[in-house]
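Undergrad: Top to bottom, those sequences are chains E and S. Counted the way UniProt numbering counts, the first sequence spans residues 1 to 280. Counted the way UniProt numbering counts, the second sequence spans residues 1 to 280.
Derived by calculation from the structure, the hints in this document are not laboratory data. All clues stand as given, with none of them false.
In silico DSS-like cross-links for lysine-lysine, where the CA-CA straight-line distance does not exceed 27 Å:
#1 K193(E) x K193(S)
#2 K270(S) x K252(S)
#3 K56(E) x K56(S)
Which residues of chain E face chain S? A partial, calculated answer using Cβ under 8 Å:
#4 L17
#5 R22
#6 G108
#7 S114
#8 R124
#9 A146
#10 N161
#11 F164
Reference listing, derived: stretches of chain S covered by chain E, where coverage requires no fewer than 3 residues with Cβ under 8 Å from a Cβ of chain E:
#12 15-24
#13 54-66
#14 102-113
#15 142-156
Here the structure is a predicted model, which is why all the values come from computation and not from measurement. Glycine residues also receive a C-beta, built at the ideal position from the N, C-alpha and C atoms.
Single-letter residue listing:
There are 2 protein chains.
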Amino acid sequence: MHKPEVGELKVRRSDRLIDMTRYLLERPHTLVPLTFFAERYDSAKSSISEDLTILKRTFQARGTGLLETIPGAAGGTRFLPYILKEEANQVVETLINQMSSNTRYLPGGYVYMSDLLGNPATLRQIGRIFATQYLNQDVDAVMTIATKGVPIAQSVADFLNVPFVIVRHDTEITEGSTVNVNYVSGSSTRIEKMSLSKRSLKPDSNVLIVDDYMRGGGTIGGMMSMVDEFDANLIGVGVVAESTAPGGRAVKDYTSLMRVDAENDTVISKPGNYLEKIFN
Amino acid sequence: MHKPEVGELKVRRSDRLIDMTRYLLERPHTLVPLTFFAERYDSAKSSISEDLTILKRTFQARGTGLLETIPGAAGGTRFLPYILKEEANQVVETLINQMSSNTRYLPGGYVYMSDLLGNPATLRQIGRIFATQYLNQDVDAVMTIATKGVPIAQSVADFLNVPFVIVRHDTEITEGSTVNVNYVSGSSTRIEKMSLSKRSLKPDSNVLIVDDYMRGGGTIGGMMSMVDEFDANLIGVGVVAESTAPGGRAVKDYTSLMRVDAENDTVISKPGNYLEKIFN
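This is chain E alone, in the form it adopts within the complex (with noise of 0.2 Å):
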């Protein structure tokens, strides 16, 4: 029997630690049996147990997130991606910093925000915050509306594995079919419709909404309506920024990371109300 020097097992373990840190962290909220990494790396269900329970360890001591072990012959591993609340008060304290800049301000009070939501290590952040919120929730979609909303429906699905979908303004003909959905603009109190292909959300399905901003809540609470039109559940509705503006807000329940203040070319941004309804 050939037997292995110390050196040569070690090698064995490293790349095992490595492929598998890759592996899952690329599918996160999937399960993996044991026996696939078994298979992947020819090496003993006991060795793989072994790696689990190390790579584990490091995953909890670094904030990386949970990876959980469900035993018996359906078992296998699954890895939960979360973010620590130290982590994400960091990451909000950025956003403010970047948020809270005059230039940003643009007539009428919107504020320019575009190039956060088009950095793809500021989406990942926002992704894992939202994410963390709902680690334990059965969320089947992400729903977002066109355009700004697209990146953070798209960075939360991929923490959580699942599709999202897009609701737009106008109809598309590359969407086939469509539920049309009317809805009173909470800044404008104009009547606007918005429509999401029939075939996005199967019926029952546990929504969770994303956008970038919310003013009056006009929006979101369209996306609600629609929700309820393909009768399916609605999760929680999470927003990056939420207005400070007056006005009758149609959406109660929610999360948002920032609170901005944007009047009289001025720009300023606190945080929102993410510590209490994610991390008390």
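Given the structure of chain E, go ahead and fit chain S onto it with the hints provided.
TA: Just chain S, lined up with the frame of chain E:
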């Protein structure tokens, strides 16, 4: 002097390898100094170097990407994700199987593919393929047009770790001042308009254009004009699917993953030109 036991040493290295894997995967195309890791893990730079050698070997063996080492005082390590030809072929084959369904046919020879472009795992693979093509090129920004190009742009930008910018058909109040371009829509020969926030791109930026679907190429052509208007440089064009429908194509040089033939209620899909463009 405390002499560490073998088990203790092994744990330290395991911990480092797992966390370094995560850290580097989350920061592609970013130079990380060796001293950063040395301080993060309270370890000697020589140990970090050994770790990086193991990481490099595993990343290569598993087709994860290239781990570059830059020597010297200003040096460090940089992770460049790529996908191997065999894996890319599998990704495209899966896409083709999903696309080749007559239930996707829409009136006018259009194809429903919003479900594919709303699947985070699919988007990640598509992003890896296009990022592989531009692995060694200096890309400053990824450009796309709302709405369905956005997830593609975000995914490619994520792997290249550069910002993405979104051209729009309308002019939105939250974009501030915009640059507007008229273009001939290839499929309808109508004149249409697209706009991009003036703040989006710096002059002389190297821009990669991506989109979900190319028919006549008019929209892509419009974005190429937009790149010119910003005094930026076009690096390349990538589309997930191109139509086989006849018609003068405004864009001569592009990369496509699929060619899609949609007529008479039938959708047939086959590989695009990505093999010759990326893996030759």
